[in-house]
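Colleague: One-letter residues, chain by chain:
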Amino acid sequence: MNKSRFLTAAGVVAIAAISLTACAGGAGGDADAAPADSGEVTWWGWTPDTPVAERYIAAFNEEYPDITVTYRNFENVDFRNTIVPALESGKGPDVFDLSAAGGTPDLWGPYAIDLAPLAEDTLGDDWESKFGGGYAEQLRTTDGTQVSLPLGGMSAGFVWYNQGIFDEAGAAVPTDYDSWVDACQKIEAIGKTCFTMGAGGEDTFPTEMYHAIANSVDPDFFLAAATGKAKWDDPEGVEVLQIIEDMKDDGIISSNALDAGQYPLANEAFMKGEAAMVQMGFWYTQYSGSESCKSAMESAGVSEPQCFVQLPAEFPDVAGQGNGSVPFGEVDYGLAINADSKNIGAAKTFVTWMTMSEAGQQNVANAIDLLPALQGVAPDWSAISLVDEDVQQPAIEQLIADSTATTQSRQWQTTSSTLDAIVVAIQQVLDPTIDLSVEDIAAQLQQSSEASAVGVK
Amino acid sequence: MTSLAPRTVDPARPYAQGEKGGRRRRVVPLIPGGFRWIIPALVISVGLIYYSIVYSGYISFFDWRGGRSPMNPIGFDNYVEAFTDPVFWTAIRNTVVYFVVVFAVQVIGGVFFAAALHSKVFLGSLYKVIIVIPVVVAPATLAPAHIQVWQSNGTVNAILESIGLGALTQSWIGQSTTSLMVVILVGCWGSIGFGFILYFGAMTQIDPEMIEAGRVDGAGNLRILFSLVLPNVKAITISLAILNLITALKLFDNVWLITQGGPAHSSEFLGTMIYSEIAASDRNLGYASALSVILLVIAVATSILIQLRSRERRAKVTKAVKAGVDV
Chain E
0 MNKSRFLTAA GVVAIAAISL TACAGGAGGD ADAAPADSGE VTWWGWTPDT
50 PVAERYIAAF NEEYPDITVT YRNFENVDFR NTIVPALESG KGPDVFDLSA
100 AGGTPDLWGP YAIDLAPLAE DTLGDDWESK FGGGYAEQLR TTDGTQVSLP
150 LGGMSAGFVW YNQGIFDEAG AAVPTDYDSW VDACQKIEAI GKTCFTMGAG
200 GEDTFPTEMY HAIANSVDPD FFLAAATGKA KWDDPEGVEV LQIIEDMKDD
250 GIISSNALDA GQYPLANEAF MKGEAAMVQM GFWYTQYSGS ESCKSAMESA
300 GVSEPQCFVQ LPAEFPDVAG QGNGSVPFGE VDYGLAINAD SKNIGAAKTF
350 VTWMTMSEAG QQNVANAIDL LPALQGVAPD WSAISLVDED VQQPAIEQLI
400 ADSTATTQSR QWQTTSSTLD AIVVAIQQVL DPTIDLSVED IAAQLQQSSE
450 ASAVGVK
Chain C
217 MTSLAPRTVD PARPYAQGEK GGRRRRVVPL IPGGFRWIIP ALVISVGLIY
267 YSIVYSGYIS FFDWRGGRSP MNPIGFDNYV EAFTDPVFWT AIRNTVVYFV
317 VVFAVQVIGG VFFAAALHSK VFLGSLYKVI IVIPVVVAPA TLAPAHIQVW
367 QSNGTVNAIL ESIGLGALTQ SWIGQSTTSL MVVILVGCWG SIGFGFILYF
417 GAMTQIDPEM IEAGRVDGAG NLRILFSLVL PNVKAITISL AILNLITALK
467 LFDNVWLITQ GGPAHSSEFL GTMIYSEIAA SDRNLGYASA LSVILLVIAV
517 ATSILIQLRS RERRAKVTKA VKAGVDV
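Chains as they are written, first to last, in the working numbering: chain E, 0 to 456; chain C, 217 to 543.
Same shape as in the complex, but just chain E (with noise of 0.2 Å):
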């Protein structure tokens, strides 16, 4: 073989190398393997921030100082992109967050190994009411494995409001339609915004408020009609985005409402001390922390930040039919181990101490921006310095109580098509340029729906 025909094999074989060492998928991992006390993990993640996962994994080390753990953090979107190629590629992280949204544990589920056999040696044979409502459930693929063990819970429904901006104006927390826009005339006249709302984009942020305004119209209403039970154009249906657009008409939803997502438009104005009042989840708590929510404020803008006090408060009842508005809550995301994974004894240890151990979930509880997965696991107060405790602790703990309380799921059993028509539809109430009724809206809602088959019995 000459020179060059050496030369041109070798660069064939080389090429077919790399590209099949690409390709090649994990050897797969010892599912059975024990817990282990040393080595290394990689937890990937959309969730926690970079900073709250090393307060976890500091304190994981704390017992358990030879095991490295390694987190990395993505972008929501990102890392959906990310970790179904990584995984497959056999280049994956140890360990990676697991949702119950949309399908997911059916989705990732097959590159995980199943906990329930760790569960149950952990907290025993009923290990599963050990934690909160549903929790595990939501983590299951439809064939039951436990693909992920829950690390926290999430609830959404109510919304948050500025304190001192009401105390300025002289205006009341809303409780009810009427008192809301009452509210919003003095704020208004003071020269800040009532209620920011980004409806803009493709986020499904607007689908809890929607969710809101149906459990004031008829609590059992949304999750009827997110499985096909009912359907969206029902009378019910109709009166959500009735309400919807009277609020934009009585200047209760500002104008500037579809500029942008929530995230930025109406974080940042809430944040800056713009807006009076904004619906965002129990990840708000968190803002209620006294260095927290300065580190909230410079990201949305502001300077030399000022914390103020913000509380929680019952979304209003604005159908006026005596339902109130209950929050609604799910798992928020789990753990789950690569059943590739080289490193499952130390990857089983730490998501044992992350999930189901009390020192592990203490901490998501005094993080305060998830519900402890693990029942009987509360915030220790005296580890957590609020802006104005006398006034914000009760009013936490008031959500934290009605938030476990909840029976109602957030978005675990409403497919992404119904969550985008949901978000199309409010976007056609709230553009003005748009001349449809209401009615045909909700028409077109439920034609571009789709029933969920999750959790129905």
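Think of the hints as simulated: they come from the structure by calculation, not from any bench.
None of these values were measured; they are calculated from a predicted model.
Every residue gets a Cβ at the ideal spot worked out from N, C-alpha and C, and that includes glycine.
This list has only true hints and no planted wrong ones.
Stretch-level coverage of chain E by chain C, calculated; a stretch enters the list once three of its residues show a Cβ under 8 Å from a Cβ in chain C:
id: 1; region: 82–92
id: 2; region: 107–113
id: 3; region: 258–268
id: 4; region: 422–430
If the Cβ cut is set under 7 Å, some of the chain E residues that face chain C in the computed set are:
id: 5; residue: Ala100
id: 6; residue: Gly101
id: 7; residue: Gly199
id: 8; residue: Glu201
id: 9; residue: Asn255
id: 10; residue: Ser415
id: 11; residue: Ile433
Quick list of the computed label-pair ranges, beta carbon to beta carbon:
id: 12; chain 1: E; residue 1: Val301; chain 2: C; residue 2: Met397; range: 30 to 38 Å
id: 13; chain 1: C; residue 1: Tyr274; chain 2: E; residue 2: Ala400; range: 46 to 54 Å
id: 14; chain 1: E; residue 1: Thr69; chain 2: C; residue 2: Pro256; range: 31 to 39 Å
id: 15; chain 1: E; residue 1: Val301; chain 2: C; residue 2: Leu376; range: 24 to 32 Å
Got chain E; can you put chain C on it based on the hints?
Modeller: Using the frame of chain E, we list chain C on its own:
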């Protein structure tokens, strides 16, 4: 081992001496001599690009969420879904409108600035830099500025208020009737500079004697521009048409960063539709692939059509010129 590989042939001496008798014979290589050197690039391009295209076509016939989720064959259902989806037709309409407007503005603006700056203009170099800057700045960098300009409390509304036209202020990004216009204006803003670069370069290649001859024959500036300059830069115009078409079909970054295709899908494009299907929590890769294949077919078919039309026209002109000469 039998090898099809040719002997090394000196390209300067295509007829090699025979080993016996010195009779000259032609060596017909079965594989071009430099072929082996392009094998790595060929493998990578075929492997990564054309394989991906073929694979996209394959998975477009499945209901598949990616990874190890089950692949359910569904025939042409994804294509049927696309062609019966009103959002798809909104995206097609937006693509056509975007292409026509941006292409027209790019050609007119590019020719105007190129012609103007070929004259001796005071601070001409500065103008060139100003015109070209939008081409080189990344859309992600500029998107927040564009949002600031067009949002409800943004620059445009502030200007309208200040000149007494407060009645015209509106939510430019947050309305179905104006969101596409904002995307198109941002596209125009970035495209004029690219048109300018190409036209300016092409005009430099025009024989000055031809222009001079036109002037001797009494042609004014406009006559020279339309009768001499533009016909000579026609190839650039055709290239820009094809490039703009492909850009419009693939459009994603500016739209996603400014409107995310909304509100209510009013500024949706094929690129944003495909991304939405891939990035959603219940990813629909089969449908996204079907949209990608449709996009590819439209892009290739229309590019070929534009090329063929331009060749037909060129042939007609050549024929007409020949006929004129014969006469």
